[in-house]
Amino acid sequence: MRFDPWNPEFVAHPYGAYAELRRERPVSFFEPTGQWLIARHADVNALLRDRRLGRSYLHVATHTEFGRPDDPEFQEPFWRVIRAGMLDVEPPVHTRLRRLVSKAFTPRMVEALRPKIAQIAGELVDRFADSGGGDLIAEVAEPLPVTVIAEMLGVPEADRHLLRPWSADICGMYELNPSVEAQHTAVRAASEFSDYLVGLARARRANPGDDLISALAQVADEGDTLTEEELVGTCVLLLNAGHEATVNVTGNGWWSLFRNPAELERLRADHGLLPTAIEELMRWDTPLQMFERWVLEDVSVGGVDIPRGSEVALLFGSANRDPEVFDDPDRLDVGRADNPHISFGAGIHFCLGAPLARIELAESFGALLRRAPKMELTAEPEWGPGYIIRGLRSLEVRL
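Okay, so the sequence shown: first residue is 1 according to this note's numbering, each after it adds one.
Hints are computed from structural coordinates only; laboratory data are not their basis.
Take these hints with a grain of salt, some might be off.
Unchecked claim - Ranges between beta-carbon positions, derived for each pair:
1) Arg80 / Gly16: 37 to 47 Å
2) Asp270 / Pro208: 38 to 48 Å
3) Asp328 / Ala203: 25 to 35 Å
4) Gln119 / Arg393: 23 to 33 Å
5) Asp327 / Ala203: 51 to 61 Å
6) Asp130 / Asp327: 33 to 43 Å
7) Gln218 / Asn7: 42 to 52 Å
8) Thr276 / Glu65: 44 to 54 Å
9) Asn339 / Glu76: 39 to 49 Å
10) Arg25 / Gln119: 47 to 57 Å
11) Phe350 / Gly272: 23 to 33 Å
We treat Cβ as the ideally placed atom computed from N, Cα and C, and that holds for glycine.
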């Protein structure tokens, strides 16, 4: 099978196509999206760190100068929110935002959340176990990061049901060639979430609490502070990146273990393998299959010249299975020690929330291993429609 991100069979089983790309065409132009596909780990890793590329080009050129159409007018509310966050901007704006956000979203703050995350994960798993099983994604994987993010941001419990739909709808814009309907849905979700966060941020500025929005509203560095739009953009990014990744690592990870029963039994017998197992599950079937960047200056990759104005598609899923980097890469090994996967990215856009994601996954998987040691699959799951953010629709299990 060839690279075809709209084909459900490819989405379910992309790794054979990736292997062919690495062997035959490690740098190739994909006409349907107008992107250069980059398949090998060394190239992906290098381009993530190469300052001649960026997540955006708007700090150095207009759409016209890059040969791109202007954003449709109806998308303006979406991009206003997204481009106020740090993921879709470049230095010096990115440097400033990351410095300010890092003053509030500190490793100490994240580590201090561990007991609360363990409590939330334990309660979710207890309810799941008491009911005898069900959809692991809907009942454990989704509620955990939503609850954690909501607790962090100080979102009232009555409003938390809004967060997951907003996140899923916003992320629909990041798929390849999204439909017009998906674009409008993403714009609506971004507008609604932005309006909600503006109200919350203004209330926290007036009456600060013990939450991340209050901390972000108060943070300053030599007199520099986050604007209201930047605060909102940061919170949207925290929800989307922190939530979608954890949900799909959980779902994809357990499906991977069920497909590799010897490794599942190995993990059940030795919970001390959990840290390496989580890294391996992120490598073996990563939820973020592709990360896109713009070429700001001419570059040469694997002997192929890629001109300024091009877009590259870095294939994380392929890079994480590269035999030049990983021994026996198609084998799931929950004890794999040497594991330089790039599921959290690299360079200046390395995932700021990686420590939080690792804690959530450790507590979630750990609670399930302890409370549901004989959990088993009841039906083969179906993959959702997304390719860039790739996850299961559901994962039905019994205890």
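Hints and how they fare:
no., hint, in the structure
1, Arg80 / Gly16: 37 to 47 Å, "holds, 41 Å"
2, Asp270 / Pro208: 38 to 48 Å, "holds, 45 Å"
3, Asp328 / Ala203: 25 to 35 Å, "violated, 54 Å"
4, Gln119 / Arg393: 23 to 33 Å, "holds, 28 Å"
5, Asp327 / Ala203: 51 to 61 Å, "holds, 53 Å"
6, Asp130 / Asp327: 33 to 43 Å, "holds, 41 Å"
7, Gln218 / Asn7: 42 to 52 Å, "holds, 49 Å"
8, Thr276 / Glu65: 44 to 54 Å, "holds, 47 Å"
9, Asn339 / Glu76: 39 to 49 Å, "holds, 42 Å"
10, Arg25 / Gln119: 47 to 57 Å, "holds, 49 Å"
11, Phe350 / Gly272: 23 to 33 Å, "holds, 27 Å"
Checked against the numbered hints listed earlier, the structure breaks hint 3 alone; every other hint is satisfied.
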